[in-house]
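A.B. asks: Given next are the chains, with one letter for each unit.
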Amino acid sequence: MIIERSSEWEEGFINRLENPEKWDSWTLYKMSYEIVKTNLITEFSGLQSAKYLPNLTPLTHQLEAAKTVIERMNGKAILADEVGLGKTIEAGLVLKEYLIRGLVKKALILAPASLVNQWVEELNQKFHIPAIPYKKNYPIDRYDIIVMSMDTAKKSPHRELIYAQNFDIFIIDEAHKLKNHKTQIYEFVQSLKKKFCLLLTATPIQNDVFELFYLISLLKPGHLGNYETFQSAFSASKHDLEHDDYLRALVNQVMVRNRREDTGIEWTNRRVQTIPIQFTKEEREVYDLLVELKNVSSVFSGSFALITLQKEMCSSKEATCLTLTKMREDCVAPDEVEYVDRIIEKLMALEINSKAEKVLEIIAQANDKVIIFTEYRATQIYLQWYLHVKGITSVLFNGKFNKNKRDYMKRLFKEQAQVLIATEAGGEGINLQFCHHVINYDLPWNPMKLEQRIGRVHRLGQEHDVHIYNLAIENTIENNILELLNTKIGVFEKVVGDLDDILTNYKKTI
Amino acid sequence: MYPQQVHKYLQQFFTENDCCILGDDEHYITVQLTIDMDKRIMNRPFYWQYVEATNGEPSPAQVTFITDQNRIEEKIMGEVIHFGSPRLNQLFQVTKELGAFVQMFEKVDRLETKSFLTPWLGVNYKVSYCSDQTKEMLYSFGINLMTGEVIEEFQESLNDMDLVSVISEDAFQVQYIIKPNRALQRLDTIVDDIIQQDDHIWAEEANKRWHRSQRVLEYFYEGVEHKPECYEIEKKALEEQYDPKIKVEIINGGLFYLT
Numbered sequence: 001m002i003i004e005r006s007s008e009w010e011e012g013f014i015n016r017l018e019n020p021e022k023w024d025s026w027t028l029y030k031m032s033y034e035i036v037k038t039n040l041i042t043e044f045s046g047l048q049s050a051k052y053l054p055n056l057t058p059l060t061h062q063l064e065a066a067k068t069v070i071e072r073m074n075g076k077a078i079l080a081d082e083v084g085l086g087k088t089i090e091a092g093l094v095l096k097e098y099l100i101r102g103l104v105k106k107a108l109i110l111a112p113a114s115l116v117n118q119w120v121e122e123l124n125q126k127f128h129i130p131a132i133p134y135k136k137n138y139p140i141d142r143y144d145i146i147v148m149s150m151d152t153a154k155k156s157p158h159r160e161l162i163y164a165q166n167f168d169i170f171i172i173d174e175a176h177k178l179k180n181h182k183t184q185i186y187e188f189v190q191s192l193k194k195k196f197c198l199l200l201t202a203t204p205i206q207n208d209v210f211e212l213f214y215l216i217s218l219l220k221p222g223h224l225g226n227y228e229t230f231q232s233a234f235s236a237s238k239h240d241l242e243h244d245d246y247l248r249a250l251v252n253q254v255m256v257r258n259r260r261e262d263t264g265i266e267w268t269n270r271r272v273q274t275i276p277i278q279f280t281k282e283e284r285e286v287y288d289l290l291v292e293l294k295n296v297s298s299v300f301s302g303s304f305a306l307i308t309l310q311k312e313m314c315s316s317k318e319a320t321c322l323t324l325t326k327m328r329e330d331c332v333a334p335d336e337v338e339y340v341d342r343i344i345e346k347l348m349a350l351e352i353n354s355k356a357e358k359v360l361e362i363i364a365q366a367n368d369k370v371i372i373f374t375e376y377r378a379t380q381i382y383l384q385w386y387l388h389v390k391g392i393t394s395v396l397f398n399g400k401f402n403k404n405k406r407d408y409m410k411r412l413f414k415e416q417a418q419v420l421i422a423t424e425a426g427g428e429g430i431n432l433q434f435c436h437h438v439i440n441y442d443l444p445w446n447p448m449k450l451e452q453r454i455g456r457v458h459r460l461g462q463e464h465d466v467h468i469y470n471l472a473i474e475n476t477i478e479n480n481i482l483e484l485l486n487t488k489i490g491v492f493e494k495v496v497g498d499l500d501d502i503l504t505n506y507k508k509t510i
Numbered sequence: 001m002y003p004q005q006v007h008k009y010l011q012q013f014f015t016e017n018d019c020c021i022l023g024d025d026e027h028y029i030t031v032q033l034t035i036d037m038d039k040r041i042m043n044r045p046f047y048w049q050y051v052e053a054t055n056g057e058p059s060p061a062q063v064t065f066i067t068d069q070n071r072i073e074e075k076i077m078g079e080v081i082h083f084g085s086p087r088l089n090q091l092f093q094v095t096k097e098l099g100a101f102v103q104m105f106e107k108v109d110r111l112e113t114k115s116f117l118t119p120w121l122g123v124n125y126k127v128s129y130c131s132d133q134t135k136e137m138l139y140s141f142g143i144n145l146m147t148g149e150v151i152e153e154f155q156e157s158l159n160d161m162d163l164v165s166v167i168s169e170d171a172f173q174v175q176y177i178i179k180p181n182r183a184l185q186r187l188d189t190i191v192d193d194i195i196q197q198d199d200h201i202w203a204e205e206a207n208k209r210w211h212r213s214q215r216v217l218e219y220f221y222e223g224v225e226h227k228p229e230c231y232e233i234e235k236k237a238l239e240e241q242y243d244p245k246i247k248v249e250i251i252n253g254g255l256f257y258l259t
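As given, the protein sequences belong to chains A and B, one line each in that order. Numbering-wise, the first sequence is residues 1 to 510 according to the numbering used here. Numbering-wise, the second sequence is residues 1 to 259 according to the numbering used here.
No more than 30 Å apart at the CA atoms, straight line, and that leaves these computed lysine-lysine pairs for DSSO-like:
#	chain 1	residue 1	chain 2	residue 2
1	A	Lys155	A	Lys400
2	B	Lys114	A	Lys22
3	B	Lys227	A	Lys154
4	B	Lys236	A	Lys182
5	B	Lys107	A	Lys22
6	A	Lys30	B	Lys39
7	B	Lys227	A	Lys106
8	A	Lys105	B	Lys235
9	A	Lys106	B	Lys39
10	B	Lys75	A	Lys51
11	A	Lys182	A	Lys154
12	A	Lys177	B	Lys227
13	A	Lys106	B	Lys235
14	B	Lys107	A	Lys37
15	A	Lys405	A	Lys135
16	A	Lys126	A	Lys410
17	B	Lys227	A	Lys182
18	A	Lys67	B	Lys126
19	B	Lys208	A	Lys106
20	A	Lys67	B	Lys135
21	B	Lys96	A	Lys30
22	A	Lys405	B	Lys75
23	B	Lys135	A	Lys37
No wet-lab data here; the hints were simulated from the structure. Nothing here was measured: the structure is a model prediction, and the numbers come from that model.
When you get a sec, could you build the whole thing from the sequences and use the hints?
C.D. replies: Encoded structure:
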């Protein structure tokens, strides 16, 4: 094996002997030796980082995860702990370890824009890693540890600037955003030279097993074979996995996944209820009219448009009306327009929202802080009005808020309001352990979104049992959504591992 | 290094380099840099160029380093410094540069008869084994420049001695027979021998990991005639990740005249 050595010291020494000048200080000489001795890494294995982190007491499962990533996965891994177990801490430990060992000099952390500052703070404060948030026109080559938003990174000229650097490690947060291999961000990450790479996501599969295939192929191309072999082996049908155990074993070679119950920490329980709701006679009539639309006009024949309307009808008349009015503009024939107008009229005449009434009931019963998740802005605003009329204080939340506004809203919720009404985007990166009731007012298609929502509340630091209420209106599209959610959870569990309860009783159905 | 150790290190470092310590409060330290230290660590070459070109009054910086931010109650303006921070690494580097070559004499008791001091060459080596994992070893050797005798853990043995940079009046230094550069070559060979005789299963394992990953990569592109650029990138990444290397670095060394 080649031994690399530098002749620098030798030359300097010989130079001293030939041209006598002042010798160096004995104290500095001894200090220099002592530094090397103290900081010597005497073992290939084991974590050095923990002892250099006075501000942090990592939990056992976090230390184990960092060790596994470094020793068994050689620094290329998916960190897929359940929400709220501290994936950031694990990534920080790994990064720190490589920095101490001199294996990493330059690191790039990619995160959603809203989480950039949080990363910078955590790395600096908890890990003493001098990370900086990337700003336009920053001399990227002058900084070693940079946190950047994914959206910035994938665009010119930042993209080219990143390629021109020699980053030793990439840490990509919320990596499920890379599930689609046809996106710009996927291509961007694919073309990075990833010596070490961590992908962080609680939800490596959201819809089907191919998402995991693409995620792993990004990290270690070929680990699951190429697309053709993978497809023929694992997808007779998307949801039917024949080689579960084999696939799971392969996946476990590149993925660390801690579950709440494996952490050895006492976790409070999740009490999940699916709450069936009956439409009123009037609501049902409008819903049926909406379903009929596909036979009335070609504008509504696309299944997506119709499904949206059905989902919205299960949410609020405000949400429905907004979409319907927009679609009405596309109708040409007078009878089509007339039909739509009739629906709108009936819709606006509705006086009762059965779901909202149920929400009120739940809030009254809980007699405590409650988070409501809805998919629609219009519903969000309606609910705030409705609750206000009933004398219940609430604040709105959505993911587009900047950090200051988020913190402010969180404080308002904690200190003053009883209810927080969040839209989908509110799911990531906010921690609300002081609350223990979550109402899923609308159901998303993707079970992992539910998991992310619940994770806001059911995470480290939660001291009470967490109550989750999944609302579904009977004999509507929400029944189908529930069914599909069950199937997807099944796929996830077969390949990745068990999930904490999201829905009621789904285990029996699979 | 813990915050207290960093703090102690800074005290020692600046005192030793003639930088006046203006304020020192357990968790932060304020120092007046000398011109030389300012040039070394403040990263402002244009300022110094300007001062020197215009014969201006040099004004080296005053710096406050905060060694334990969490334990400071008042509001202190300063630079947070900690193990792993670029600034501390820079100071380590400066320490290394300013403590690289020494010539020291053992202090002898005036009451004794005239002592003869034997010349030794002492060298401290750091050897690193690197792949996707690392391990480091520190070797300190001393070689007697009269007899060629080599002893290990030389630096530790010096710690118990009283060494001074100017020879005592009652001592007499013997001129060396073995030239220091020949002696250095001899020590280099000893380090090489140690490396040769060491168990390098770590490198075999790293190579195995490398080849396994390489095979996986090939599998992914099996049958693809024109492999895309990301194949080459990935291949290069695997090399950088796993390729086992051994690095030998001399930390410092010097001439020692001992009884």
